[in-house]
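Student: Now for the letters of each chain:
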Amino acid sequence: MERFYTFIFAAGLGCFALAFVLSLVFPVISLGKYEAMEFRDLEDLAAVPKAEFVELAARYPEAFESAFGTRTATPAAYAEALQLGRDIYVGQGCWHCHSQFVRPTSNEAQRFGPVSVAQEYNNALNLPHIWGTRRVGPDLIRTHGKHTNDWHIAHFMNPKNIVPSSVMPSYKYYFEEDGTPRKNGFSLVAYIQWLGTAYEDLPESVKQENEQ
Amino acid sequence: MTALTPALTPTLMPTLMPTDAERDGKPLVSYWLIKAHIVAAALFLLLSMTAGFLYSLQFLGYYPFGDSEVLSAGHIRFIHTNMTAYGWLVNGFVAMMYYVVPRLTGFRVCGEGLGKLIFWVWQLIVVAALGGFFMNCAQAIEWGETPTGFRPGTFEPNWIPVDLLVVVGAVLLVVQFFTPLYKARGQKYYVTLWYFTAGLVWLALTYLMGNIIPEWILPGAAGAATTGMFIHDLVGLFVTPMGWGLMYFFVPLILQKPIWSHSLSVIGFWALAFFYPLNGVHHFLISPIPDYVEYGAIITTIAIEVVVTTVVVNFFATLRGKWSALRTNWAIRWYYAGAIMYFITCLQCAFQVTWMFQKIIHFTDWVVGHAHMIMFGVFTFWLFGTIDWLWPRITRRKWHSEKLRAWHFWLSTIGIVIMFTDLMIAGLIHGFMQKGLNPWNDILDMSVPFWWIRSFSGAMFVTGLLCFLYNLVMTARSNELYVEEEHLVPATAE
Numbered sequence: 001m002e003r004f005y006t007f008i009f010a011a012g013l014g015c016f017a018l019a020f021v022l023s024l025v026f027p028v029i030s031l032g033k034y035e036a037m038e039f040r041d042l043e044d045l046a047a048v049p050k051a052e053f054v055e056l057a058a059r060y061p062e063a064f065e066s067a068f069g070t071r072t073a074t075p076a077a078y079a080e081a082l083q084l085g086r087d088i089y090v091g092q093g094c095w096h097c098h099s100q101f102v103r104p105t106s107n108e109a110q111r112f113g114p115v116s117v118a119q120e121y122n123n124a125l126n127l128p129h130i131w132g133t134r135r136v137g138p139d140l141i142r143t144h145g146k147h148t149n150d151w152h153i154a155h156f157m158n159p160k161n162i163v164p165s166s167v168m169p170s171y172k173y174y175f176e177e178d179g180t181p182r183k184n185g186f187s188l189v190a191y192i193q194w195l196g197t198a199y200e201d202l203p204e205s206v207k208q209e210n211e212q
Numbered sequence: 213m214t215a216l217t218p219a220l221t222p223t224l225m226p227t228l229m230p231t232d233a234e235r236d237g238k239p240l241v242s243y244w245l246i247k248a249h250i251v252a253a254a255l256f257l258l259l260s261m262t263a264g265f266l267y268s269l270q271f272l273g274y275y276p277f278g279d280s281e282v283l284s285a286g287h288i289r290f291i292h293t294n295m296t297a298y299g300w301l302v303n304g305f306v307a308m309m310y311y312v313v314p315r316l317t318g319f320r321v322c323g324e325g326l327g328k329l330i331f332w333v334w335q336l337i338v339v340a341a342l343g344g345f346f347m348n349c350a351q352a353i354e355w356g357e358t359p360t361g362f363r364p365g366t367f368e369p370n371w372i373p374v375d376l377l378v379v380v381g382a383v384l385l386v387v388q389f390f391t392p393l394y395k396a397r398g399q400k401y402y403v404t405l406w407y408f409t410a411g412l413v414w415l416a417l418t419y420l421m422g423n424i425i426p427e428w429i430l431p432g433a434a435g436a437a438t439t440g441m442f443i444h445d446l447v448g449l450f451v452t453p454m455g456w457g458l459m460y461f462f463v464p465l466i467l468q469k470p471i472w473s474h475s476l477s478v479i480g481f482w483a484l485a486f487f488y489p490l491n492g493v494h495h496f497l498i499s500p501i502p503d504y505v506e507y508g509a510i511i512t513t514i515a516i517e518v519v520v521t522t523v524v525v526n527f528f529a530t531l532r533g534k535w536s537a538l539r540t541n542w543a544i545r546w547y548y549a550g551a552i553m554y555f556i557t558c559l560q561c562a563f564q565v566t567w568m569f570q571k572i573i574h575f576t577d578w579v580v581g582h583a584h585m586i587m588f589g590v591f592t593f594w595l596f597g598t599i600d601w602l603w604p605r606i607t608r609r610k611w612h613s614e615k616l617r618a619w620h621f622w623l624s625t626i627g628i629v630i631m632f633t634d635l636m637i638a639g640l641i642h643g644f645m646q647k648g649l650n651p652w653n654d655i656l657d658m659s660v661p662f663w664w665i666r667s668f669s670g671a672m673f674v675t676g677l678l679c680f681l682y683n684l685v686m687t688a689r690s691n692e693l694y695v696e697e698e699h700l701v702p703a704t705a706e
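Respectively, the protein sequence lines represent chains V and C.
In this text, residue positions in the first sequence follow my numbering: the first is 1, and each later residue adds one.
In this text, residue positions in the second sequence follow my numbering: the first is 213, and each later residue adds one.
Rather than coming from a laboratory, the hints here were simulated on the basis of the structure.
Note that the structure is a prediction, hence the values are computed from the model and not measured.
Treat the hints with caution; some may be incorrect.
[What the hints assert, rightly or not] Think about it this way: if two alpha-carbon atoms lie no more than 25 Å apart in a straight line, the pair counts; the simulated PhoX-like pairs of lysine-lysine are:
| id | chain 1 | residue 1 | chain 2 | residue 2 |
| --- | --- | --- | --- | --- |
| 1 | V | 172 | V | 183 |
| 2 | C | 395 | C | 238 |
| 3 | C | 238 | C | 328 |
| 4 | C | 328 | V | 207 |
| 5 | C | 247 | C | 328 |
| 6 | V | 183 | V | 207 |
| 7 | V | 146 | V | 50 |
| 8 | V | 207 | C | 647 |
| 9 | C | 647 | V | 146 |
[What the hints assert, rightly or not] One side of the interface only, derived from the structure: several residues of chain C facing chain V at Cβ under 10 Å:
| id | residue |
| --- | --- |
| 10 | 287 |
| 11 | 352 |
| 12 | 435 |
| 13 | 479 |
| 14 | 515 |
| 15 | 609 |
| 16 | 612 |
| 17 | 615 |
| 18 | 618 |
| 19 | 655 |
Ideal placement from N, C-alpha and C gives every residue a C-beta, glycine not left out.
Please model the complete structure; the sequences and the hints are all you need to start from.
Tutor: Have a look at this one:
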């Protein structure tokens, strides 16, 4: 028994495969049965640019044009901004200080908004998911519409100006001195303002069942 | 020199082949490879700990590089964890495998040239990962932020294919160490080899799973089940088996006393292999992952605690009658301090995995304390202990300073106890304030004193490490020869 092949096949491969089936294949099958669980690609997510993004384009036309090559908030520009914003969110480790899911416990629904459902994560901006495991700052999955663009820009430039006890780093290098966003700044704000819209877009029936 | 025939490895006690044993006219153990990996490991540990300390300053408002995008606090955090995993632990464990595997099997590793290649591939992995973090190319997988070479979810290259290199590195390790393991397939394996064999298979599988599936195939909740497994398996199926493998080899060797119970070793190993991989989802509890999957993870996590107890009991029973070794032998001290902390962390696991605790402690500093206890207090302690024992034997020099050895141990031990307690309390308060709907800035204000203590305890680790590094260097340069203790000089084979 206590030989080479036992440890390779029974322990190494066998136990791993068992876990793979039980804790991965099973949930995938169950999740696949949920209502409104279709995967949404980036094009679909960006098809109708959100009001906050349209406002950014209107507010900073020149900067917007030099960043995205257009003065209007087109779906293509939105898609580019969302993907880049997500890249920054990941690359700068925002997800090590912020979570992106609201739990049905600890009064989180009261603090942040509706409890998270699996459907809202089945899209191109959750490859891989960025749920996070630590909340130094608050959860962000219900951020859409919570603050204005201006608030976010001021906050990113120096969080301590807005919330004196904040320990969030400043991201002023994504903005000009006067607060005009650079391309990364536009994208970051666009992405943050997008968070939560996937939930809002779900069919009423799903939301109602979740919130009742 | 006597040539060796593969010794039948006894079940309860590893045989120690002579230090200068030969096989096929070449030395059995390649000491320079061990030395190279130890040096690399130590340097990356210094980098990792420095990064961790710097990151903790962000929380106090004293982070020095806040104006730089490249050196941002977020990047420093990636460096802290990834240097620990791939720079320190992998290098450290590989060094130990070079020492242990040939001595247990009686065969040389596949090749010294291959060894050189493996060494450089892994250092390249670590350095390329550093570059990737600075360039904002990290991917969103905890403990696996190492860039894949493509923008996640797409096939746009970002030219830093660290993940592919890790797979190459893991396969090369398999080739290197499976050669002697395969040649010894006729033998009954000693416990250490069970862990090493399975651990190497698991490393490759875990890495492939965690870095491909959630990035390209499964978004959202299903992906979270995968990354949960990845975080967990990297610790549970690579670091833990390697760590226990070391313990099973070095503890009986140093104590000159067989492991107390073979049956307990068997239970410990198989229960780890069976239960550990099933735990993964417990990193995302009370989440959109289906509840029954979460229950499965919770139950198996509690089961793990039973396993852990058997292993810890086995080791303490082994120590019975030799308690004085705790006073006289630094390696044993590190090992058993680590074993106690292992027990504490795993006991903590069994509680914190329940929904009752999760409600409060998830997302808080409690978890940070837990992670430091297991990564620093246990596995790093065990590697420290091993290096402490090996270094004089590899360099054939006496330890330069006994005092510095003591400082290293006590600074690390007291430091980790302070950090653990501090973060546990901070986490509980944070959790209850979160539940109590206190404003977020109140939570931050509450945490600040705890964060000061955390930075202080981190500074203790770093100071301890500096003592250690200085001692390593001075020992290697000293000219006081080390003579093997009488009872450890093995009878020449045959």
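Student: All the hints need checking, so say for each whether the structure fits it.
Tutor: Tested hints:
1. 172(V) / 183(V): Roughly 13 Å separates the two Cα atoms, so the pair holds.
2. 395(C) / 238(C): Holds, at about 17 Å.
3. 238(C) / 328(C): It holds: about 17 Å lies between the C-alpha atoms, which stays within 25 Å.
4. 328(C) / 207(V): violated (58 Å)
5. 247(C) / 328(C): Roughly 12 Å between the alpha carbons, so the hint for residue 247(C) and residue 328(C) holds.
6. 183(V) / 207(V): violated (34 Å)
7. 146(V) / 50(V): Satisfied, since the Cα-Cα distance of roughly 14 Å is no more than 25 Å.
8. 207(V) / 647(C): holds (24 Å)
9. 647(C) / 146(V): holds (21 Å)
10. 287: For residue 287(C), the interface hint holds, since the closest Cβ of chain V sits about 7 Å away, which is under 10 Å.
11. 352: holds (4 Å)
12. 435: holds (5 Å)
13. 479: Because about 13 Å separates residue 479(C) from the closest Cβ in chain V, which is outside the 10 Å limit, the hint is violated.
14. 515: Violated: closest Cβ of chain V sits about 13 Å from residue 515(C), beyond 10 Å.
15. 609: Residue 609(C) check fails; min Cβ-Cβ to chain V is 37 Å, beyond 10 Å.
16. 612: Violated - the Cβ of residue 612(C) stays beyond 10 Å from chain V, reaching only about 39 Å at its closest.
17. 615: Where the cut-off is 10 Å and the nearest Cβ of chain V is about 38 Å from residue 615(C), the hint is violated.
18. 618: It is violated, given that the least Cβ distance between residue 618(C) and chain V is near 35 Å, above 10 Å.
19. 655: Because about 9 Å separates residue 655(C) from the closest Cβ in chain V, which is inside the 10 Å limit, the hint holds.
When each numbered hint is compared with the structure, violations occur for hints 4, 6, 13, 14, 15, 16, 17, 18.
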